[in-house]
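Just so you know, the sequences run in chain order Y and D.
With our numbering applied, the first sequence corresponds to residues 46 to 499, in that order.
With our numbering applied, the second sequence corresponds to residues 46 to 499, in that order.
Read the hints as simulated data drawn from the structure, not as lab findings.
Be aware that a few hints might be false.
It does not matter which identical chain is meant; a pair holds if it fits inside one copy or across any two.
[Stated by the list, open to error] Calculated cross-link-like contacts (lysine-lysine; reagent style DSSO-like; alpha-carbon spacing at most 30 Å): (1) LYS478 / LYS151; (2) LYS139 / LYS478; (3) LYS73 / LYS478; (4) LYS478 / LYS48; (5) LYS381 / LYS151; (6) LYS220 / LYS139; (7) LYS146 / LYS478; (8) LYS139 / LYS73.
If you want the building blocks of each chain, they are given just below.
2 protein chains.
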Amino acid sequence: MEKIWDIVVLGGGPAGVMSALQLAMRGKNVCLVEQGPHRLGGTCLHEGCMATKSMLKTAEIYQSIRQAHEYGIEASVAPLDLNCTVMRKNDHLKALNSRLKQMAVKTGLHIEQGFGSFLSPTRIAVDGPAGRTELQANNIVIATGSRPRELAGVAIDGERILNSTQLLQQTQLPKRLLIIGGGAIGCEFASMFQAFGSEVTLIECADHLLPREDRDTGETLQTSLEQRGIRVMTGRGVAAVQTNDTMAEVFLDGRSSPLEGDRILVAVGRTPNTDSLNLAAAQIDCSDEFIVVNDRLQTSQPHIYAAGDVINTMMLAHSAMQEGDLLVANLLGAEKRLPADTTPRVVYSFPQVAAVGITEQELAEDSYRALFQPFTESGKALVDQRLEGHIKLLVDNTTNAILGATIIGDHATELIHELALAISQDISLGVLKDVVHAHPTLAESIWDLARHQG
Amino acid sequence: MEKIWDIVVLGGGPAGVMSALQLAMRGKNVCLVEQGPHRLGGTCLHEGCMATKSMLKTAEIYQSIRQAHEYGIEASVAPLDLNCTVMRKNDHLKALNSRLKQMAVKTGLHIEQGFGSFLSPTRIAVDGPAGRTELQANNIVIATGSRPRELAGVAIDGERILNSTQLLQQTQLPKRLLIIGGGAIGCEFASMFQAFGSEVTLIECADHLLPREDRDTGETLQTSLEQRGIRVMTGRGVAAVQTNDTMAEVFLDGRSSPLEGDRILVAVGRTPNTDSLNLAAAQIDCSDEFIVVNDRLQTSQPHIYAAGDVINTMMLAHSAMQEGDLLVANLLGAEKRLPADTTPRVVYSFPQVAAVGITEQELAEDSYRALFQPFTESGKALVDQRLEGHIKLLVDNTTNAILGATIIGDHATELIHELALAISQDISLGVLKDVVHAHPTLAESIWDLARHQG
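Work the whole structure out from these sequences, hints included.
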């Protein structure tokens, strides 16, 4: 008799693998469909969060050595060996992937190697190296993630025109790098390669960097990137791209002379991997390219759940993890619903940017005030010689509740969590005033803001 | 007619200067008694928090260059120029002191140069460079701070046997440094000088480092310091100290052969500066060396307040600031009382240690459980190659409330603030489980702990 799985999970990224492991640990019969155990961890691990953070750490150290003289330290450093940096990154990814493989073995999670697609609402075809297998399941989780979005008219050739996945495997440092897209990915790669020693130009068609964030956030980041030597062009669409044997050129709207470089990175967002799932066979509804889910993460077929980049929430690993936790709870009999969004949005540029809660464009004028605490006023930032950036809070005029927060500067991606907790628990600025912060820290600037403007 | 000040503040450290400035800003007639404008900021600025953090930043960068090869970076660095590091630190302190001087001018705060002492409950004598002045005041604030505690039988000679203030002015790196005292100050100096290139021995008479913290915290830190090459000796009292022209020797209890070094740092805590205030003339009660205050910070004379290191709360700059805020509110007519203690305790050793809330020795066995999340399980720590340390939470068995928290590792002094907020607002571990943390961060380990053990 054909085996009927309790749950088949499609995709082994942050939403899929963690759900599958948790469900297997709780005694469910779980089959995870993925290209193979070596792909456990998905985009986040292999080409996203972890891969970039490994290389950004190298960039951070490399840059700090080049600036050591500002601290009275006499140091010299050889040109960066990008090959070595990439190999070190690959070692890190291998170690992280191994952990997942070990957990899969430990929990008895079955991995079916191949690409899954629907045959019916309860049947999945898996096309693997040894041909097609069919799976039958009571519940299915779709967590197939996303891939780099392509830009119309710009063909990724893997040589001169690269996506982020490809750029992470380059072993030769481009002398001149043109980056199309000034979102989180573009800003991180710009920071990284500038630190490594490339000449970087960053192009964003919106009128400020990080278009999802407040205008002043993008503008402050732009100033900082420019001070580091990155050329930033905002409000400019790409008209055309040309390559030849020696270089690549980007023509911008309304500009006759092209920008020249050795490599072009196209970083214009990501597309959900929903097009090859044959969703029609399971009668699963989509809106644009995203799978439609209710607040319990059920698709139009209640026994089929979806999470991560295939649904229209933020395309972030930690959103995917939260969604994974939630659907696991629901598959185990709970009735959990997605809470109000207090997901931190983090950018590991130099300087870092982190935000949480509501942005100014989502708020009615006169309903709130924007309070700033610049790091120029922080003693810790002064002795660290890292004065750039600020903490910004959006505070409700009536209730004094903190609605949104942005931090630009050192450790912003860590510091944001105190404010994420405050926002998620409706803690007002007046309450923060009485929460003693250690001196001297950067977090103390949050206290200073509350004490003096709260 | 003699001028009667609204308020005379004795001492210009974190408690005194911030209170005096705030009161002056609110229109009060305020006189601050201090050795002079150049001393505004007190111990914290000149010999404490800020001075050490400036030099610790240099140490951090210097060390990261020496370890750059672990990140595939080929770098070389000249021996540390301690003189340059000290000058840079002095520049930072001058900049921070200037800010305070400017604020004093802006708010019209009068500074009376000299040392204050009581003549009566409303009269202060100030002995300054031009002789004695007398001040009359309606309210008085005592914030004269503390000085390094001396160790019986060990005379600080400023040559071979130094206190922390003196060591911060040395321009020659000691080849071998012996540190007596394994509290926060001892551990910070041990980390700093080991990073600079000294051979460091750290001696603590209690049975673990950081005796105020949980035993396992001190032991974990000890292991980390030893891995860096610091020799740590705990549970050993100092029997005697000898110096001669070429070196210094420390004889430990129960050990016949001495420890040898070039310099000895005595870092055995601090003594409140209350002995030369002539407190008897104002009938102000003390207990041991500390001024007794009620929870509104009033001394036994209700019109006289005390704050900072002269009262028996934690000897930390941020405790002093909190106390300053509180007495300012009360002097302006409020009835504010000291809240339950959720003051973060931070140690800028390598690795950093930070704690908040209750320690294990303060809790009844069986009333709580200790939960650990080691950074070896953190993806961010892995790619940063900073796997040491952990997050530890003490959680109430009945209510699931977080009672205490300790973090050892990178950025611990910043990361602790999320937990300080959680503890101060009675946020339970179950609530933290649903507060999404960004991936990949170190703060995410707090979320992981809550998700998997909460």
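Indices of hints not satisfied (ascending): 4
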